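Work the whole structure out from these sequences, hints included.
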Amino acid sequence: MNELKDPRKTFGEAVIEAAKNNPNVVVLSADSSSGSGLGGFPSLFPDRHFEFGIMEQGVMGYASGLATTGKIPVFAAIAPFVTARPFEMFRNDLGYMNQNVKVVGRCAGLTYDQLGSTHHSIDDVAIIRTIPGVTIINPGDPVTIKKAVHAMIEHLGPCYMKIGAPPMPVLYPEDVDFKLGKGIVIKDGCNVALIGTGTVLSKAVEAAKLLEEAGISVRLIDIHTIKPLDKELILSAAREIGKIVVVEEHYIAGGLGSAIAELCSQEHPVKMKIIGIGDFYASNGPYEQLIGKYGFQPDQIKETVMQFLNQQ
Amino acid sequence: MDKKEILKLEYIALNIRRNILRLIRAGEAGHSGGALSSVEILTALYFNLIRVDPKNPTWVQRDRFVLSAGHKCLVLYATLAERGFFEKSVLDTYGALDSKIPGHPNMHKLPGVETNTGALGHGLSIAGGMALGLKINKAPAKVYVVMGDGELAEGSNWEAASAASMHKLDNLIVFVDRNKLQISGPTVDVMSYEPLDERWRSFGWGVRIIDGHNLEEIINTVNQAPFEKGKPSVIIADTIKSKGLSFAEGKVNFHYWKAKPDELEQAERDLDAIENELKEKTEKRNNNE
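Protein sequences, first through last, are from chains A and B.
Just add 245 to the spot in the first sequence (first one is 1) and you have our numbering.
Just add 1325 to the spot in the second sequence (first one is 1) and you have our numbering.
Worth flagging that the hints you see were computed from the coordinates, not collected in a lab.
Just so you know, these numbers come straight off a predicted model, no measurement behind them.
Treat the hints with care, since some could be wrong.
Some, not all, of what chain B presents toward chain A, calculated at C-beta under 7 Å [to be verified]:
1. N1441
2. L1445
3. H1447
4. S1450
5. G1454
6. N1462
7. E1519
Here are the in silico distance ranges between beta carbons for each label pair [said to hold, decoys possible]:
8. B:Y1581 / A:S510: 54 to 64 Å
9. A:T375 / B:M1516: 22 to 32 Å
10. B:A1464 / A:T375: 28 to 38 Å
11. B:H1433 / A:R484: 17 to 27 Å
12. B:L1422 / A:P531: 55 to 65 Å
13. B:W1384 / A:H395: 28 to 38 Å
A virtual CB, placed ideally from N, CA and C, is assigned to each residue, including glycine.
Here you go:
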């Protein structure tokens, strides 16, 4: 069993590390820093932490203005409240103005399991992906969360990063090569390309093992940067394997699978299956059971992949 | 203030109104009502108050100007052109494909434009962020904002207003161009904000109410800011929508003006009349000296 780490704590530690290296990093809170793993930030950097209370729309604008003066604002809060709620501020004040602001949606996907659809964030990629120039990062383990924070701070331009809430298994060694916009081939194979992202990457990793045991050779790919998409890596999988299954804790509409389908349908059409959430409001319940309801557990992913391959 | 200086500014305000007319001629239509009501505010800012350098529009120490009511862009283009940020011939491209002066301002297209506004209720929070950043940087610069009064119905403004007082942004100076009209009718009938001064005060701001067409009053008021120690300042500027055009002043249907030829001719005559008044004023002054 891999070591488990708290994604929010990991995120917060990485931001503190980045802030130590870069004096321009400031943190904005909509009554959200402590819940985002940034509870220790204000005492370490009292002049670089700004509290706004529960006003996510306002914080977006303040972040935009701060960025015009050379600051690198990091704004982390519950995912739907930094995406769906202030969408127009994200689009106009950060995207259209091309501001160097880092927005982080935490407790994303279904990880706010019990709290229901107001707090689930399974549409964030779909809506933020429509904003030109915004980099979207969805790291799938604690090591890449940390690396993603540093890469995001170094990158000039608006970013949206999403992280979950429950402890995540460590999937990568500390020295894994992480570059924005470049996917990671976790293991090579030839029967099917299994592409995972974010909170359910570890489920895809487990599913790949089960598939290998069943004699299926899997090319397992982590797409941690959903935008810009690693077109080269995906098209090579399309050309060389011809069968792609995407696993994402997101609506099928508009997510990573959708982005890959948009690419492949125009460049190299292939058979695809998207394991995601259909056109409905997700239910509530304990996280592992809830994602099991929607087919994200490793044995379920394995079955879906087997069926998909049998249909071809 | 020196009366000669005021007279000079009145001539500049006239030129800015002429530039607005030039824009309307080019585009055949535009949001002229709220642009014309803000002319004196922008004249006072860009020709007396704001520290900017048209040759170096991104000068780090500059004061910032945010046009929160982005549909008033005609007055911004007209003023920036008058101040020398770009050639006046750019004004003739209003409405054309790929013009640098769209129907709402775009900072990536035109020097001197600080923000991409147009959707209402965004400018104050962006300006607040600028003011906060300048304070962190210990820069002496100020941030000026022009908002519409109809715009105040957007709740996001009041988020921004709370945060500005909470973070003690006394380098932030906001004008509410209270021309009292919006598309559907009188602003207080559409969604009342009264008592407006009390509302701002209760959000922790220093407040003044002035005649928004009186250049001397605008300048003197801004020079007194911050009105209260450690607080952001708001100037409620009472204005007349479509100010300067006899047939349109105070009329709700000229919020967006689709200019007819006879109206354009009348507008020219109206501005000529203002010029004649200014000439008489100048002569009288010269005779008195």
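Checked against the structure, which of the hints given earlier come out wrong? 2, 7, 8, 11
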